[in-house]
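In the order they appear, the protein sequences are chains V and D.
Taking our numbering, the leading residue of the first sequence gets 36, the next gets one more, and so forth.
Taking our numbering, the leading residue of the second sequence gets 215, the next gets one more, and so forth.
Derived from the structure by calculation, the hints contain no laboratory data.
From a predicted model like this one, the values you see are computed outputs, not experimental measurements.
For each residue, glycine too, the CB sits at the ideal point set by N, CA and C.
Hints are supplied without guarantee of correctness; some may be wrong.
Unchecked claim - In silico contact screen, one side only, chain D against chain V (beta carbon under 7 Å); selected entries:
#: 1; residue: Gly556
#: 2; residue: Asp584
#: 3; residue: Glu594
#: 4; residue: Glu615
#: 5; residue: Met621
As the list claims (entries may be wrong) - Derived DSSO-like pairs (lysine-lysine); straight-line CA-CA distance at most 30 Å:
#: 6; chain 1: D; residue 1: Lys273; chain 2: V; residue 2: Lys64
#: 7; chain 1: D; residue 1: Lys606; chain 2: V; residue 2: Lys46
#: 8; chain 1: V; residue 1: Lys77; chain 2: D; residue 2: Lys273
#: 9; chain 1: V; residue 1: Lys77; chain 2: V; residue 2: Lys205
Residue-level listing of the chains:
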Amino acid sequence: MGVAFDSIGFKASLCDGCGDCMTACSKAKGGASRISIVPGAKAGTFETAICRQCGDPKCVQVCPSGALDKDNGNGIIGWDASKCVDCLLCTAGCAYGGIAVDETVARVAKCDQCDGDPACVKVCPTGALEFRKAGTIFNEYGGKEDLFVPGLSGCQGCNSELIMRHAMRKIGRNSVLATPPGCIPGMGSVGYNGKTGTKVPVFHPLLTNTASMLSGIRRYYDRIGRKDIVVMALAGDGGTSDCGFHAVSGAAERGEKVLYVCVDNEGYMNTGMQRSGTTPYGSWTSTTPVGEHMKGKTQDAKNLPLIMTAHKCRYVATASTGYMEDLYEKLDRAIEASFEGFSYLHIYSPCPTGWRIPASKVIEACRMSVDSNFNPLWEYTNTRGLRFTHSPDNAYPITEYVKMIGKYRHLSPDQLAHIQAKVDEQVALLKLMAAESPPPQAAHRAPAGSSTPAGAESSQPARREIARN
Amino acid sequence: MPEAKYLLVGSSHAALEALRAIRLVDPDGSMAMLTKDERLPYSPTILPYVVSGRSGPDKVLLRDPAFFAANACTYVPNAQAVSLDAKARAVTLANGEVWRYQSLLVASGAQPAIPPVKGLDGVTYHVLRTLADAEGLRAAMGAAKSAVVLGAGLVGLHAAENLAEAGLKVSVVEMQDHVLPGYFDAKASTRIEEAFTKHGVDLKLRRKVVEVSGPAARVTLDDGNVLEADLLLVATGVRPVTDWLEGSGVAVDKGVVVDEAMRTNIDGVWAAGDVAQATDFASGKPALIGIIPTAVEQGKIAGQGMAGDSYRKDYAGGLPVNTYRFFGRVALSIGRAAATEGVEAVETDSGAYRRLVLEGNRLVGYASVDEPFDVGIMGELIRRRIDLTECKDAFLAWPVETGRRLMSEQWR
Ligand SMILES: Cc1cc2nc3c(=O)[nH]c(=O)nc-3n(C[C@H](O)[C@H](O)[C@H](O)COP(=O)(O)OP(=O)(O)OC[C@H]3O[C@@H](n4cnc5c(N)ncnc54)[C@H](O)[C@@H]3O)c2cc1C
């Protein structure tokens, strides 16, 4: 297995050009900043120049002194000051201004990601800079056994399959799994022709009794002294919020030591895309059609994870494959909590087939659903209450999200306004509930363009004095 | 008879990039790298720094034996190719050994071009192309008090600076009007010339050497002046190392003639780097552009072709690039930075010097003295022929920031 690397991500739409990253970098490195923020094409927008730690680094290839080298362990292109003869050929190799002259010392300088804890990211007040740890996740889990067989028959681009495979890789073999009717067993995890599709014991309970059945399994394992087994469900939203709800609610109320993962694709997707209790307002489904009179679902979705917090579960959280680091951390805590009491994880899962999204855009839709507050990310424990794990501030308007998805194509301005109002209302409520918790990192300021920052009409570089050249 | 699926002749930038490109697609195919040199790979570009003592023979090596082991490549030093039998697919070495191959890369680079000056072959003179040359020059420099350098190109100027900094009295003789011709326009060159003069280097521009005589060096110029020195360095340009290809059928013009895939006219034979005559980006015409960036690019393309990599792209033509340090200062140039005809040149000549050369609102060249810029970014703007009409004012006023912006946008 190869190795993957963490990287510094830049989201231009969130950058307000404050330059804090550059100040922090030059302080940390004792010289010119290794990241530079420059004015964008439109007033008030910004772009960046920073080393991208290329996989095929031209700076290294043209270096005549062997001073530059890509470290295949951490992906960083390192610069050896003692070997460098200051010829500057590397600056001719780089197409991004990622290695440039630090005029304070007349030598080149480049980003080394501060040993995995970049100073620039830490001070970014808008969340425009992010240190993406997907590489670490891959290195840690990529080599672990995939607990589903290859060739599950999910649709192309299926996000639920991604969730299943990631979750079980993380949870491991020491588990017993229930997958009630839905896409998850439907694509073959429970098997075909008497052969299982899952490498741990897997049950296919009724839509209605999953949590009850798991309660029994848990109690049995407890009795025989196997308290180390994760007893869990990978269930759809229908089997959780509608037909199976009484069982889920009962198990939660009794405090059964179960990990219940709800994979929410907002409807009964495997049986022909019927609406469920979590189908959002305005969605097209086969039972909420769009025609002359009907314009999709006329009721709002119920907020199932919020309902679960009212059961005083040990752990409740929402998650998305758009934010894998967050998902993995929550899986950790959810597994832990499931040995103590009921643990509930709600993972949003855009469905390319049922929602009409190109397979290649599913992860983008996941990210946008979070970034627009359509699906805010938070977690709850029965002792510490609710806390956002991703800032709900600086959200994109809801239109940015719905325009990516075919099932909303017909929405009228009124319907859009309704959705935006409901999203705002829900975030406001969550904020009230989270009022006592520490805020998540970053994103406390208005993003560029949302209001006009002072001097936005000038096209002059904001900070020529700390731009490196 | 030793043989290799991939035989690379030369151990410098072009050959090393070919090795890398080949191994990306073919991890196992047998490979050997033959080189005339006795050392592990190093770059000729580092040599001025060996002469000055800034670097050293032990610090300059670009790869170690472990690299060649890991890449399953046999490294053969002291292996000078003397002839090629293209039909038999065999290369003969000076020691008589014959290597057979399936695919051959000619990456034997360039060597100093020695001008036909009367008396030159009768005296001891230095050149600077190999580590041995650099060590020889460094040793000779210690004992010498004065030096004459023939040629004010990159090599000559680097060496002249080394010699002057070591305390020698240095004269540089150059036929052209200015130093570093081609890379810089007269204004930029003048700044560089002034620095040399300030450091005591006597620049004899527009002068030719008519005769050289011993014992050390008595150099007679075309104006009748005579320069006396303990040390003579010839740096009047380079010429591709193609002697060993004579009679092989491989077409050689000024260098080995290659197509856009770095193939020679002979099946199974590629060429890359200083030895190859590829095309110039601006004119599309055949050109020798003997610099590392072109050697690296060509080596990669050749390697991809040799290994049958389907992602190979045609060579788009070489772009002259020069990142030049002199007495701690910086002079940079890329593309047609000295062009005057049919182009729009925007110069800034107070404080630092900057010269932007545009054609139809597209950047075609950029040079500066004392003001660093992102050479690679400007190279991309030139290569991609980015239309700057929309942001021309900003670009002319703040080329660095605007360039960074444009590439940042391209990246997403
Ligand atoms: C002093 C100096 C300063 C320079 N400064 C710069 C600079 O600032 N920027 C820049 O871009 N470029 C610079 N260059 C040019 C740059 O070094 C060359 O363009 C580059 O090294 C070309 O690489 P190459 O692989 O084509 O060939 P070379 O580097 O010339 O290597 C040729 C290789 O072939 C081997 N060889 C030769 N003949 C034979 C044979 N018959 N059999 C077997 N092996 C053989 C040699 O041993 C060597 O390993 C400079 C060069 C010099 C000398």
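* Asked: Holds or violated: are the alpha carbons of lysine 77 of chain V and lysine 205 of chain V at most 30 Å from each other?
  -> Distance of about 44 Å is beyond 30 Å: violated.
* Asked: Does the nearest C-beta of chain V fall within a distance shorter than 7 Å of the C-beta of glutamate 615 of chain D?
  -> Given a least distance of 4 Å, the restraint on glutamate 615 of chain D holds.
* **Status of the methionine 621 of chain D interface restraint (C-beta, 7 Å, chain V)** => With a minimum Cβ separation of about 5 Å from chain V (threshold 7 Å), the hint on methionine 621 of chain D holds.
* To do: With a cut-off of 30 Å on the C-alpha distance, tell me whether lysine 273 of chain D and lysine 64 of chain V pass.
  => Between lysine 273 of chain D and lysine 64 of chain V the Cα gap is close to 26 Å, so the pair holds against 30 Å.
* **Hint check, glutamate 594 of chain D versus chain V [nearest Cβ-Cβ separation less than 7 Å]** => 5 Å, holds
* Take the C-alpha atoms of lysine 606 of chain D and lysine 46 of chain V, compute the straight-line distance between them, and say whether it is at most 30 Å. => Holds - the C-alpha atoms of lysine 46 of chain V and lysine 606 of chain D are around 25 Å apart, at most 30 Å.
* Hint check, aspartate 584 of chain D versus chain V [nearest Cβ-Cβ separation less than 7 Å] -> 10 Å, violated
* Asked: lysine 77 of chain V and lysine 273 of chain D: Cα distance at most 30 Å?
  -> 48 Å, violated
* To do: Have a go at the glycine 556 of chain D hint: is there a Cβ in chain V nearer than 7 Å to its own Cβ?
  => 25 Å, violated
Of the numbered hints listed earlier, those contradicted by the structure are 1, 2, 8 and 9.
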